[in-house]
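The residues making up each chain are set out below.
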Amino acid sequence: MKLSIKPTPRLFKWAGALAVLATIAPAFGQDAAAIPKLSDLSDLRVGLDTVWVLVAAMLVFWMNAGFALVESGLCQSKNCVNVLAKNFIVFAVASLSFWAVGWGFMFGDGTPFIGTEGVLFVSGADNSPALGKAYAAMNNFSTEEYAGVYGSINWTPVPLWAKFFFQLVFAGTAATIVSGAVAERIKFGAFLIFSFLLVAFVYPITGHWIWGGGLLAAANFRDFAGSTVVHSVGGWAALAGVIVLGARIGKYKGGKVQPIPGHSMTSAALGVLILWLGWFGFNPGSTMAAMNGKAIAYILVNTNIAAATGALSALVTAWVILKKPDISMILNGCLAGLVAITAPCAFVSFTSGAIIGTIAGILVVLAVIFFDKLKLDDPVGALAVHLCNGIFGTLAVGLFYDNQIATDIAALATGLDRGAQTMAQLKGIIYVGAFVFPVSLLIWYLLKITLGIRVSPEEEIEGLDSGEHGNEAYPNFQVAHK
Amino acid sequence: MKLSIKPTPRLFKWAGALAVLATIAPAFGQDAAAIPKLSDLSDLRVGLDTVWVLVAAMLVFWMNAGFALVESGLCQSKNCVNVLAKNFIVFAVASLSFWAVGWGFMFGDGTPFIGTEGVLFVSGADNSPALGKAYAAMNNFSTEEYAGVYGSINWTPVPLWAKFFFQLVFAGTAATIVSGAVAERIKFGAFLIFSFLLVAFVYPITGHWIWGGGLLAAANFRDFAGSTVVHSVGGWAALAGVIVLGARIGKYKGGKVQPIPGHSMTSAALGVLILWLGWFGFNPGSTMAAMNGKAIAYILVNTNIAAATGALSALVTAWVILKKPDISMILNGCLAGLVAITAPCAFVSFTSGAIIGTIAGILVVLAVIFFDKLKLDDPVGALAVHLCNGIFGTLAVGLFYDNQIATDIAALATGLDRGAQTMAQLKGIIYVGAFVFPVSLLIWYLLKITLGIRVSPEEEIEGLDSGEHGNEAYPNFQVAHK
Amino acid sequence: MKLSIKPTPRLFKWAGALAVLATIAPAFGQDAAAIPKLSDLSDLRVGLDTVWVLVAAMLVFWMNAGFALVESGLCQSKNCVNVLAKNFIVFAVASLSFWAVGWGFMFGDGTPFIGTEGVLFVSGADNSPALGKAYAAMNNFSTEEYAGVYGSINWTPVPLWAKFFFQLVFAGTAATIVSGAVAERIKFGAFLIFSFLLVAFVYPITGHWIWGGGLLAAANFRDFAGSTVVHSVGGWAALAGVIVLGARIGKYKGGKVQPIPGHSMTSAALGVLILWLGWFGFNPGSTMAAMNGKAIAYILVNTNIAAATGALSALVTAWVILKKPDISMILNGCLAGLVAITAPCAFVSFTSGAIIGTIAGILVVLAVIFFDKLKLDDPVGALAVHLCNGIFGTLAVGLFYDNQIATDIAALATGLDRGAQTMAQLKGIIYVGAFVFPVSLLIWYLLKITLGIRVSPEEEIEGLDSGEHGNEAYPNFQVAHK
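Just so you know, the sequences run in chain order A, B and C.
When we follow the working numbering, the leftmost residue of the first sequence carries the number 2, and every step to the right adds one.
When we follow the working numbering, the leftmost residue of the second sequence carries the number 2, and every step to the right adds one.
When we follow the working numbering, the leftmost residue of the third sequence carries the number 2, and every step to the right adds one.
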C-alpha cells in the first residue's frame with residue numbers, strides 16, 4: 002500500500018516537530034494579494050469533494066442502525082438479539098467481501114459482464130483523484146491524466162479510498178435488506194455466508210452492468226442512486242430466501258393470515274427516521290462531488306418530497322383499507338417513497354417526485370397484502386418496500402423522464418422520450434431480476450442442502466435469541482408472546 | 002421546474018458516456034501553475050456553503066427523531082404509537098404545506114405583514130445562488146446580480162432549494178413542539194390538520210415579520226436562530242391547544258397534581274441527546290454559509306455552554322426543590338438552555354451564554370411546577386421548555402447584548418444599548434404572542450366544534466394506540482399502567 | 002471576549018439591512034474572469050477546514066449517546082436512569098471543566114509536564130486560524146504569522162473555538178469511559194466530582210505530554226487519535242474506581258462469577274452502531290483539516306477495517322470459547338477493534354489494520370474473562386475494551402509501524418524501525434499508566450473517605466434509579482430482576 006501524498010506539515014501534532022520543520026521550509030513571507038495557482042484550487046476542490054462524499058457515506062453507514070431497528074422492532078422480542086446481531090455483523094462481513102473482491106468485480110475494467118482488473122483487495126493501479134483530461138478541461142481545473150483500472154468511476158475527483166467507502170456502504174445496504182425478510186427462522190451462520198456471497202459476487206456483477214460501465218450502462222438504462230442496483234437486487238435475493246426458507250410456524254395457520262406484530266414500535270419508528278436521514282446521503286451523495294450545489298439541493302428536496310408523500314399516501318390507504326392508520330404502514334410508506342425516488346431523483350420534476358411517492362405509498366400497502374396472499378412470509382415488509390418499489394422506481398425513471406432535468410441536474414440525459422426510456426428501464430429490470438433471483442435461489446438452495454438454513458421448530462418457537470446466541474434481549478422484563 | 006446548471010461531466014457514472022464526452026471536450030493539457038479565474042473560486046464557495054447548509058439542515062431534520070423519542074418517552078406506553086405516529090407524520094405534512102404556501106408567505110417579497118410574491122410551490126423567479134452586487138463586491142467574489150422575489154433571504158450564496166430545505170426543517174420543528182403538549186388525548190386527524198395550518202400560515206407570517214424582511218426586522222428585533230420564530234411560536238400554539246383540549250383524565254384529581262410518569266427514560270434521554278446534537282445544526286447552521294468559520298465555531302461553543310449550564314442548573318434546582326436529581330428535569334434543563342441561547346448565541350459573550358443557560362435551567366423547573374398549578378396539563382413540559390425559555394431567550398438578546406460581538410460574529414449589530422435592545426425584543430415578543438396565541442386558539446376551537454379534537458374518555462383510558470391506530474407499541478411485554 | 006472577524010454582509014437576515022449595506026459597499030460590477038487573490042483562497046480553506054473539524058467533532062459528541070446506550074443497555078433496568086443521567090450530565094460537566102482549565106493545561110505553552118499559559122477559560126492570546134510562516138509557505142497559502150500561547154495545536158488552520166470544541170469532545174469521551182465500569186453501585190454526586198477532576202486535571206496533563214508538545218511528544222511517541230490519550234487514560238481511571246468501589250453485591254457469590262445480564266440488547270446494539278459512526282469523526286477528524294482528502298479517506302477505511310475484523314474475530318472467539326456467538330461479545334469486539342486502531346490508523350497498512358482488529362477482537366473476549374477472574378467487576382466491559390485495547394493499540398503503532406505510510410498520511414514519520422518505535426510506545430504507555438492510575442486511585446480514595454462513593458446495600462439491591470433519582474426507567478412495564 003503506497004499513497005503518493007506529498008508530506009505536509011498540517012497534520013503535525015507536536016510542537017517538537019515544528020522546530021524541525023521550520024528549518025526545512027523556505028522561510029519567506031507571503032503577500033495576501035498574491036495570485037494563487039490553479040493547483041491550489043484543485044487541492045481545495047478535492048478536499049471539499051472528499052468531505053462531502055465521506056459525510057454522505059457516513060449517513061448511508063448510519064442506515065445500518067436504521068435497518069437494525071426497523072427489522073428488530075417489527076419482529077418479536079424473542080428474536081430481537083438475533084435480528085440485531087445479523088444486522089450488526091452483516092456490515093462487517095460486507096466490509097471484508099467488498100474489499101476482497103466485490104469492488105473489483107463492480108468497478109474494475111473488464112468485460113460488459115464483470116470487472117476483471119484490479120479485483121483482489123482493490124490492488125489495481127489508480128491515481129485518483131486525478132481525472133481524465135476531458136473533465137479537467139471542462140471544469141477548468143488542473144489535474145493529472147487518470148491512469149488506472151477503475152475507469153468507470155473516474156468521473157469523481159475524490160481519492161480512491163473515498164470512492165471505495167462510499168460504494169461499500171451501498172453494498173452493505175443490499176445485504177441488510179435480505180436480513181429482514183428472512184428473519185425469525187434463519188440460521189445465523191447461513192445468513193452470514195449468504196451475505197458474504199451476495200456482496201462478493203451477486204451485487205457487484207449487476208452493479209458492474211449499471212454503474213461499472215457494463216452492458217446496461219451502454220443501453221441507456223438509468224438508475225441514479227440505486228433503486229435497482231441496491232434495492233431490487235436486495236429484494237430479489239430476499240424473495241429467493243423467503244421461498245427456500247418457507248413461512249414462519251403459525252403464520253398461515255388454518256388458511257388465514259395470522260398477524261405476528263413486532264415487539265417495539267419505538268424501535269421501528271426511530272429506525273425509519275434514521276433511514277429517512279440516511280437517504281439524504283444515499284441520493285444527494287450519489288453526486289459524489291460537492292461542486293454542483295444545485296444538483297445536491299435539488300436531489301435532496303426531491304427525495305424528501307417522495308418520502309413525505311409516500312408516508313401520507315400509505316397513511317390514507319391504510320385508513321381506507323384497514324380502517325385505521327396503522328403505524329407500520331405509515332413507516333413502510335415512507336420507505337417505499339424513498340426507494341422509489343432513488344433511481345429517478347435526478348431526472349424528474351418535483352411534481353413527478355410527489356406523484357412517484359404517492360404511488361409508492363399505495364403500492365406498498367397493496368404489496369404487503371399481496372405477498373401474504375401468496376404465503377410469502379416477510380416479517381418486515383422488505384419485499385413490498387425494496388423489491389416492488391425498487392422496480393417501480395426504476396420504471397418511474399422512464400414514465401416521468403425529463404431530458405431537461407436529466408441534463409441540468411445529473412448531466413446524464415439520454416435524449417430518449419418517455420416511451421423509449423421506459424423500455425430501456427424495463428430491459429434493465431428484467432436483466433437484473435433474471436440474474437439475481439435464480440442465482441440467489443441457487444445459493445440459498447445449496448446452503449439448505451449443506452449447512453441447513455432454518456432453525457429447528459423448537460428453537461423457532463422458543464426464540465432464536467436463546468437458540469442461536471444464548472442471550473435474552475430484555476431479561477429484566479416480563480415477556481408475553483402471544 | 003427548470004434549473005440552469007450548465008451540464009458538466011462530473012456526474013457521469015457510465016464509462017460509455019466518457020467516450021462521447023472526450024470527443025466533445027477540447028483536448029488540451031493544463032498547467033498546474035496556471036492562474037484560476039474568479040468564477041472558479043465562486044463555484045467552489047457555493048459548493049462549500051451548500052454542503053454546510055444542507056448538513057446543518059440534516060442535523061435539524063434529525064431533531065424530528067429527538068422530539069419523537071422525548072415526547073413518546075415522557076408519555077405512557079399505551080399512547081406511544083400515537084405520539085410516534087404524530088411526530089413522524091408531522092414532518093411529512095410540513096414538507097407539503099411549507100412547499101405549497103409556507104415558504105412564499107415567509108420569504109416572498111410583499112408587505113411588512115406577509116409575503117405575497119412567488120407564494121405557490123416556491124414558483125417565483127429566483128437566480129440563487131446569485132447575490133446582490135453589494136455582497137459580491139465586499140466578499141470579492143464574482144457573482145451575478147440577484148434577480149428574484151425572495152430578496153429577504155438573498156444574503157446567503159446557496160441555491161434556492163438548499164435555502165428551502167434549511168427553512169423547511171425549522172418550520173417542521175415548530176409543529177413538533179405542539180405535538181408533545183397535546184399528547185395523550187388529542188385526535189390524530191385533528192392534530193394533522195392543525196399542523197398543516199400552522200406551517201402553512203401561522204408560522205410563516207410571524208416568520209416573515211422577523212426573517213422575511215417584515216415589520217419586526219425593521220424594528221431592530223433580533224432572533225438569530227429562532228427562540229421566537231420557532232420555539233415560542235410553537236409554544237403559543239401548544240398553549241392554545243392545551244387550553245382548548247383540557248387536562249388528561251385524572252391529572253388533577255382531588256385538587257392535587259397526580260404525576261403520570263413517562264414510560265421510557267431511555268427514549269427520553271436518547272431524544273435529548275439527539276436534540277443537543279441537532280442544535281449544532283440549528284444555531285451554527287443559521288449562518289447559512291461556511292466562509293465565516295469563526296462565526297460557526299463561536300456560535301457552536303456558545304450553544305454548548307448554554308446546554309451544559311442549563312442541564313446542571315436544572316439538576317441543582319431539582320435536587321434542592323424535589324430533593325433528588327430527577328432525570329426529566331435534567332433533560333428539560335438542557336433543552337431549556339438550548340432554547341434560550343437560540344436567539345442570543347451570536348450576540349452575547351460566552352460568560353453571558355453560561356448565565357443564560359443557568360437561568361433557563363432554573364426557569365424550566367419552576368415553570369413546570371407553575372403550569373401544573375394553573376392546571377395546564379402538558380405531558381412533556383413543552384410549554385416550560387419552548388414557550389417560557391423561547392421568551393426568556395429572546396429577551397436575553399437585549400439583557401446581555403454586546404454590539405461588538407454582534408458585529409464580529411453575525412454582522413447584525415443594531416448599535417443599541419442593552420436597555421433599548423431589550424425594549425425592541427419585548428416589542429417583538431408581544432407582537433408574536435398577540436398574533437400566534439389567539440389565531441391558534443381560534444383554529445383549535447374551530448376544529449373542536451367541527452371534527453372534534455379530543456378522543457372519548459374510554460379511548461383515553463384504554464390508550465390512543467389501540468383507539469386511533471389499532472396498534473400496540475410493545476405487544477410482547479406485560480404492561481402495567483398505574 | 003473579542004473576536005476580530007471583519008464584518009461581512011453574508012449573515013444579514015433582514016432585507017432592511019440590505020438597503021443600508023448597498024450604500025456602504027462600493028457598487029462596482031465584477032468580471033467572472035477576474036483573477037482571485039491568495040487571501041480569497043485562504044478564507045475558503047479556513048471555511049472548509051472548519052466545517053470538517055466541526056462535523057467530525059459533532060460525530061464524536063454523538064458518541065455520548067452511544068456510550069449512554071451501551072452502558073445502560075448492559076446494566077440492569079433498575080439502574081437505567083442512573084446510568085443515563087451519569088452519561089448525560091458528564092458531558093455538561095466536561096464542557097465546564099475543560100473550558101475552565103482543562104484546555105489550558107493541555108494545550109497552553111508551558112513546561113514539558115503541563116501547560117501554564119492561557120489556562121483559565123481559554124483566555125490566552127491566540128490569532129488562529131493564522132498559522133506559522135513555515136506552514137504558510139509549504140502550503141502556498143497566504144496567512145498571518147501565528148502569535149499566541151497555544152502553539153502546540155497551531156498546525157491546524159481553523160479558528161480557536163473549533164479547536165476547542167474538537168478537543169472538548171475527546172476529553173468528554175475519556176470521562177464517559179469511566180462511567181460504565183463503576184455503574185450500578187456508585188453515588189451520582191461522587192461520579193460527577195470525579196469526572197470534573199478527571200477532565201480538569203488528569204486528562205489534560207497526560208494529554209499535554211502527547212498532543213500538547215510535552216515530554217512524550219519529544220520522545221517519538223505516536224498516538225494519532227487517542228488510544229492512549231483518551232481510551233487508556235479513561236481505562237486507568239476506571240480501573241482505579243473499580244478497585245476502590247469493589248464488586249457489585251452477588252457478582253462473585255460462592256466463589257463463582259454470576260452473570261448479571263444487561264437489560265436491553267436493543268440499547269447496546271444501537272449504542273455500538275452510534276460509536277462506530279462516531280469513530281469516523283474521532284479518527285479521520287483528527288486530521289483537523291480537510292485539505293488532505295487522501296489522509297481522511299485512508300484513515301476512515303483503516304478504522305472501518307479494524308472495526309469489522311474486531312467484531313468478526315470476537316464473534317468467532319466467543320463461538321469457540323462460549324459455544325455461542327454472544328451479542329455483547331460481538332459488540333465489544335467491534336469497539337475493541339476501534340479502540341486499537343485509534344493510535345495506529347495513520348501509520349499502518351490496511352493489512353495491518355485487519356490484523357490489529359482481529360487481535361483486538363480476541364483480546365477483548367479473553368480480557369473480559371480475565372478481569373472477572375481477578376474479581377474486578379466491570380458491568381460493561383470498559384476495562385477490556387478501553388484499557389486493554391488502548392494499550393494494545395498504542396503498542397501496535399510500533400509493531401506494525403510503516404515509515405512510508407506515516408509520511409504519506411500524517412506527515413508524522415519518526416524514521417524509527419519497528420523495534421525502536423515499539424520501545425518508544427512502551428515508554429509512553431508506562432508513563433501514562435504510572436501517572437493516571439495512582440492519581441485516580443488517590444482521588445477515588447479521598448472521595449470515599451469524605452463524601453462516600455458507594456450507595457448503601459439496600460439502595461444497590463433496590464436499584465439506583467429510585468434511590469439516587471426518585472425515578473423509574475420503565476414504570477409501565479412489569480419488571481423481573483433475577
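Calculated directly from the structure, the hints in this document are not laboratory data.
Treat the hints loosely; a few may be bogus.
Heads up, the list lumps identical chains together, so a pair's fine if it works in one copy or across two of them.
[As the list claims (entries may be wrong)] Computed cross-link-like contacts, DSS-like style, restricted to lysine-lysine with a CA-CA straight-line distance of at most 27 Å:
#1 K325 / K449
#2 K428 / K38
#3 K38 / K254
#4 K449 / K324
#5 K428 / K254
#6 K38 / K374
#7 K324 / K254
#8 K252 / K376
#9 K324 / K376
Going down the list of hints, with the structure as the test:
1. K325 / K449: between (40 Å within a copy, 21 Å between copies)
2. K428 / K38: neither (48 Å within a copy, 45 Å between copies)
3. K38 / K254: neither (73 Å within a copy, 72 Å between copies)
4. K449 / K324: between (41 Å within a copy, 22 Å between copies)
5. K428 / K254: neither (39 Å within a copy, 67 Å between copies)
6. K38 / K374: This pair counts as neither: shortest intra-copy Cα distance 66 Å, inter-copy 63 Å.
7. K324 / K254: within (24 Å within a copy, 34 Å between copies)
8. K252 / K376: within (9 Å within a copy, 47 Å between copies)
9. K324 / K376: Within one copy only: 23 Å inside a chain, 35 Å across chains, cut-off 27 Å.
This entry does not satisfy hints 2, 3, 5, 6, going by the numbered hints stated previously.
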